[in-house]
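Protein chains in written order, with this note's numbering: chain A, 243 to 733; chain B, 52 to 534; chain C, 29 to 123.
For the record, the hints were derived by calculation from the structure and aren't laboratory data. For every residue, glycine included, the Cβ atom is placed at its ideal position computed from N, Cα and C. One thing to keep in mind: the hints can contain errors.
What the hints assert, rightly or not - Here are some chain B residues the structure puts well away from chain C; computed CB gaps all over 12 Å: (1) GLU78; (2) SER84; (3) SER98; (4) ASP193.
To be verified - Which stretches of chain A does chain B cover? Using the computed rule of at least three CB atoms under 8 Å from a CB of chain B, they are: (5) 290-302; (6) 442-449; (7) 454-461; (8) 479-487; (9) 606-613; (10) 681-690.
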Amino acid sequence: MTDLLSLDLAAARDALRDGKISSLELTDAYLGAMEAASDLNCYITTTPDKARVMAAAADQRLAQGDALPLDGLPLGIKDLFCTEGILTTAGSHILDGFAPTYESTVTSQLWRDGAVMLGKLNMDEFAMGSANVNSYYGPVESPWKSRDGGNARLVPGGSSGGSASAVSARLALATTGTDTGGSIRQPGSFCGIVGMKPTYGRCSRWGIVAFSSSLDQAGPLTRTVRDAAIMLRSMAGHDPKDSTSANLPAPDFEAALTGDVRGMRIGVPKEYRIDGMPAEIEALWARGIEMMRDAGAEIVDISLPHTKYALPTYYIIAPAEASSNLARYDGVRYGLRVEGETLDDMYAKTRGEGFGAEVKRRVLIGAYVLSAGYYDAYYLKAQRVRALIKRDFDEAFGSVDAILTPTAPSDAFAIGENDDDPIKMYLNDVFTVPSSLAGLPAISVPVGLSGRGLPLGLQLIGKLFDEATVFRAAGVLETAAGFSVRPAGGQ
Amino acid sequence: MAALIKGETGDWELVIGLEVHAQVVSEAKLFSSAATAFGAAPNSQVSLVDAAMPGMLPVINQECVRQAVKTGLGINAKINRLSVFDRKNYFYPDLPQGYQISQFLQPVVGEGVLTIVLPDGEKSIGIERLHLEQDAGKSLHDQHPRKSYIDLNRSGVALMEIVSRPDLRSAAEAAAYVRKLRSILRYLGTCDGNMQEGSLRCDANVSVRKPGAELGTRCEIKNLNSIRFMQMAINHEARRQIEVIEGGGKIDQQTRLYDANRDETRSMRSKEDAHDYRYFPDPDLLPLILTEDYIADIAAELPELPDAKQARFIAEYGLSEEDASQLVEERETAAYYETVAEGRDKKLAANWLLSELFGALNKVGKGLAESPVSAKFLGGLIALISDGTISGRIAKDVFAEMFEHGRDADSIVEAKGLRQVSDAGAITDLIEAVIAANQDKVVEFKSGKDKLFGFFVGQVMQQSQGKANPQLVNQVLREKLNA
Amino acid sequence: MSLDKATVSNIAHLARIKVDDDQLETMVGELNNILSWIEQLNEVDTEGVAPLASVTGHPLPLRADGIADGGYPERVLLNAPDRVADFYSVPKVVE
Ligand SMILES: [Mg+2]
Ligand SMILES: [Zn+2]
Numbered sequence: 243m244t245d246l247l248s249l250d251l252a253a254a255r256d257a258l259r260d261g262k263i264s265s266l267e268l269t270d271a272y273l274g275a276m277e278a279a280s281d282l283n284c285y286i287t288t289t290p291d292k293a294r295v296m297a298a299a300a301d302q303r304l305a306q307g308d309a310l311p312l313d314g315l316p317l318g319i320k321d322l323f324c325t326e327g328i329l330t331t332a333g334s335h336i337l338d339g340f341a342p343t344y345e346s347t348v349t350s351q352l353w354r355d356g357a358v359m360l361g362k363l364n365m366d367e368f369a370m371g372s373a374n375v376n377s378y379y380g381p382v383e384s385p386w387k388s389r390d391g392g393n394a395r396l397v398p399g400g401s402s403g404g405s406a407s408a409v410s411a412r413l414a415l416a417t418t419g420t421d422t423g424g425s426i427r428q429p430g431s432f433c434g435i436v437g438m439k440p441t442y443g444r445c446s447r448w449g450i451v452a453f454s455s456s457l458d459q460a461g462p463l464t465r466t467v468r469d470a471a472i473m474l475r476s477m478a479g480h481d482p483k484d485s486t487s488a489n490l491p492a493p494d495f496e497a498a499l500t501g502d503v504r505g506m507r508i509g510v511p512k513e514y515r516i517d518g519m520p521a522e523i524e525a526l527w528a529r530g531i532e533m534m535r536d537a538g539a540e541i542v543d544i545s546l547p548h549t550k551y552a553l554p555t556y557y558i559i560a561p562a563e564a565s566s567n568l569a570r571y572d573g574v575r576y577g578l579r580v581e582g583e584t585l586d587d588m589y590a591k592t593r594g595e596g597f598g599a600e601v602k603r604r605v606l607i608g609a610y611v612l613s614a615g616y617y618d619a620y621y622l623k624a625q626r627v628r629a630l631i632k633r634d635f636d637e638a639f640g641s642v643d644a645i646l647t648p649t650a651p652s653d654a655f656a657i658g659e660n661d662d663d664p665i666k667m668y669l670n671d672v673f674t675v676p677s678s679l680a681g682l683p684a685i686s687v688p689v690g691l692s693g694r695g696l697p698l699g700l701q702l703i704g705k706l707f708d709e710a711t712v713f714r715a716a717g718v719l720e721t722a723a724g725f726s727v728r729p730a731g732g733q
Numbered sequence: 052m053a054a055l056i057k058g059e060t061g062d063w064e065l066v067i068g069l070e071v072h073a074q075v076v077s078e079a080k081l082f083s084s085a086a087t088a089f090g091a092a093p094n095s096q097v098s099l100v101d102a103a104m105p106g107m108l109p110v111i112n113q114e115c116v117r118q119a120v121k122t123g124l125g126i127n128a129k130i131n132r133l134s135v136f137d138r139k140n141y142f143y144p145d146l147p148q149g150y151q152i153s154q155f156l157q158p159v160v161g162e163g164v165l166t167i168v169l170p171d172g173e174k175s176i177g178i179e180r181l182h183l184e185q186d187a188g189k190s191l192h193d194q195h196p197r198k199s200y201i202d203l204n205r206s207g208v209a210l211m212e213i214v215s216r217p218d219l220r221s222a223a224e225a226a227a228y229v230r231k232l233r234s235i236l237r238y239l240g241t242c243d244g245n246m247q248e249g250s251l252r253c254d255a256n257v258s259v260r261k262p263g264a265e266l267g268t269r270c271e272i273k274n275l276n277s278i279r280f281m282q283m284a285i286n287h288e289a290r291r292q293i294e295v296i297e298g299g300g301k302i303d304q305q306t307r308l309y310d311a312n313r314d315e316t317r318s319m320r321s322k323e324d325a326h327d328y329r330y331f332p333d334p335d336l337l338p339l340i341l342t343e344d345y346i347a348d349i350a351a352e353l354p355e356l357p358d359a360k361q362a363r364f365i366a367e368y369g370l371s372e373e374d375a376s377q378l379v380e381e382r383e384t385a386a387y388y389e390t391v392a393e394g395r396d397k398k399l400a401a402n403w404l405l406s407e408l409f410g411a412l413n414k415v416g417k418g419l420a421e422s423p424v425s426a427k428f429l430g431g432l433i434a435l436i437s438d439g440t441i442s443g444r445i446a447k448d449v450f451a452e453m454f455e456h457g458r459d460a461d462s463i464v465e466a467k468g469l470r471q472v473s474d475a476g477a478i479t480d481l482i483e484a485v486i487a488a489n490q491d492k493v494v495e496f497k498s499g500k501d502k503l504f505g506f507f508v509g510q511v512m513q514q515s516q517g518k519a520n521p522q523l524v525n526q527v528l529r530e531k532l533n534a
Numbered sequence: 029m030s031l032d033k034a035t036v037s038n039i040a041h042l043a044r045i046k047v048d049d050d051q052l053e054t055m056v057g058e059l060n061n062i063l064s065w066i067e068q069l070n071e072v073d074t075e076g077v078a079p080l081a082s083v084t085g086h087p088l089p090l091r092a093d094g095i096a097d098g099g100y101p102e103r104v105l106l107n108a109p110d111r112v113a114d115f116y117s118v119p120k121v122v123e
């Protein structure tokens, strides 16, 4: 059984095609592991029966020799993706009992390509959070343990915490996540796995519970860069049901993994050396730069002058959009309803009880920055600064092909830490938010361990729709780093 | 021009601006592919997008954009090459998203102008803008003592909101404006203008002021769904405001509802309770960019609009201004008329359509669309009158028969042998017989009782069953009696 | 700009979120912290900078007119917390 779980997505794909393993046995291995590690609280809903039916169908196709791209590969799905007939919660009380009658575009493409669904993964409520402690279904625990933290339960990062923890603990071959300001990359870094946020518009947002429409993007969390490339190819593609979906075919990202970055220009932005950044992050970054140089890339110092303003910009735009996107959760058509004397009473009670503290904070901030008299000072100002942040990147990409930065300013912390200080929590995303605001593709690759023995990732950012270069550079970084440590708390 | 209202402190001027919500003619909704037809079973024309299910996204219907641009061109307005869809945020159970997708700062159509005809001449009414937005669903408040029921069939249907400048000075002007706008919309085929079904609804912004003074505080009367109610509501609201001000009070900016049963307006919400809509660009959509070519293509397809058609009817057909104006108000009427008049006496055609056909239709409560007499058949009748086949009098009988049975004039005339007799010999025979039978009257006539001439004409026509050519009868009769 | 209790409760009403009085004070503090942190944006000179409308710069796609959706009240009403016949039902709205 352990053998089965040790196969990564690419290896499992090949083993299935070669008839060395069956999807059913692979699926059962994962279902078993999920049950054994239920303490991590990675899954909100498991779908073992559906998984076995899908696996059996895949085995049949595999036996006939007409394998689909992801045939028989068991995946976990972030509970932000609507899945037909299966409870979809967004980690929120307010979606109590909600079973969509439709399937998100991204997940339907995964099933189209033969993948097997293991269940729905825990997450920060409405994808708001960086530690996965904001779920109505309880916090997710990372399988990693700090060398000096006793037995403290660590956060997996967020908001795709269940997705990251599950990949790291081998409770899924790969998972889907969504990233609004770092929600794939930061948990990827915390859990020692690969997290890829594609270009805004690369994956359809149709059927994904919206947090911040101008920022949300789906992407994969995987064990390897190759796995991420394989997953993204199935997840991506034009969807006429999403007006912001790019009308471009999904390229064969795997083909971009040539292992050759000779002559590639890698930018290193000086503004990412922020005050108070731990020395070990700084050192990890320096090592990453060396690795890329050694592989033949040209390192170029660049400047992204508005980096510092990305977080506050994000914390205007994302809450503003969220305050509007979350207005539909009103107790009328689906989910939780708390009865009230009057309509307004019903609304206020339903939303007061249905939303958790962080969601309420952001909805209120969002409503405030859009309200009469404040719109120009906050929202419009933020959209102007956002334009400057994008301009910084545009200029930088005039002289470089990709940008290398740390993914997060720290390693994972304990569940309960930072809970009392929202801004401290927000700072987790200081390195991921700028590229989100600019819509750029970015990946986190595990590169080393912190002094406490916890994973640390580096981030590679590419030009719009140039995931190929990001994957190519990431593949080289991954090989050079040779990160192979496994969490003690895992299988 | 302004009809001033007498108050206790002198004359008051009424200032009105109208916001008209016109439902766009399209198969499917503005941002979803669900149907727009009126009167369907509850929640049966609702897509997952319209019900604002989690993760659902809007995709715009190109026909709705086209219709908005067409309408903009029809009201001589500026078409904006770049426009933006915004979210207007508020909570209401018939607004599933919790926001309406509308256009706020950058509408698809900018300033335009519409000319209305008033008893004392024409007046240009400024149009501020036209924007596209989603309609809300429908709340039913009268089905249950403690509950309201929600039907989302209308949710997401495309509306054009057309906002006038506060250029209107009386309820009658407002009515003329709505009629004219509706006429243009129907010519363009961009809105069916059906106020009963809610395809066209008005919000009236009403304020009063002393003539020449600054604009007063306005109240908005919402959802007026007939022109008559709109006029009543405006007049009522004007009187209310004058009373308040003359009583030493102040007008609060409010949204009010008109209750037609009681002929009064009442407050819906006041300023302190005013919505803060938190408009911002909808991040699910991108700016709408229109090219010059796109706009030019639509402009090239525009039909002849009522003003141009009226001018042509007057100039080319010699119709009176009043007849022409009546004929062009509805596109269908104008089209019907042109078919009737094609190659025939234009004025005669106009008379027959406006008095005979409309008179008959009115009597049975039908519209032109349900007329039993087709334009082709009415044209046939006009032709028979013009070429002397039947007299105007016989024509009325033939018309009655056509209206009753939907038959064409020729076959009725043939079957009943109603062809006018213009044979001088036959008519002379008839006249001689009548004179012979009424010798006493002939004596009276000759002794100066001129009026009896009419009696003889009547007798001859009767004998001929109305078929005798009246001009010929007159001529021969005069000869015989004066002989 | 600093928020007071009244403003926060106003926004809470605007957002239709019930905030109990005992939570209000904490909420005011948290929101003020966040807002004052956000206000570092005032340092940025944005004179003449157009607000960003779209990161990818793609045009708005238009779809053809035609009925291709709807006609499934059961799917629409399936998850309704209070369904009456084929309607959603809510506490009576008084205007
Ligand atoms: Mg309005
Ligand atoms: Zn409107």
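Going through the hints against the structure:
Non-interface status of GLU78 of chain B relative to chain C is broken: a Cβ of that chain comes within 12 Å, the nearest being about 5 Å off. Its closest Cβ contact with chain C, about 4 Å, brings SER84 of chain B to no more than 12 Å, contrary to its assignment away from the interface. With a least beta-carbon separation of about 4 Å from chain C, SER98 of chain B fails to lie farther than 12 Å from that chain, contradicting its non-interface assignment. The Cβ of ASP193 of chain B does not lie farther than 12 Å from every Cβ of chain C; its closest approach is about 10 Å, which violates its non-interface assignment.
With 0 residues having a beta carbon nearer than 8 Å to a beta carbon of chain B, the stretch 290-302 of chain A misses the requirement of three or more and the stated coverage is violated. For the stretch 442-449 of chain A, the stated coverage by chain B holds: 3 residues have a C-beta nearer than 8 Å to a C-beta of that chain, and at least 3 were required. Here the stretch 454-461 of chain A counts 3 residues with a CB under 8 Å from a CB of chain B, which clears the bar of 3, and the coverage holds. Judged by the Cβ-Cβ criterion of 8 Å, the stretch 479-487 of chain A is covered by chain B as claimed, because 5 of its residues qualify and three suffice.
Look at the stretch 606-613 of chain A against chain B: 3 of its residues bring a Cβ nearer than 8 Å to a Cβ of that chain, three or more, so the hint holds. Only residues whose beta carbon comes within less than 8 Å of a beta carbon in chain B count, and the stretch 681-690 of chain A has 0; fewer than three means the coverage is violated.
Consistency note: the structure conflicts with the earlier hints numbered 1, 2, 3, 4, 5 and 10.
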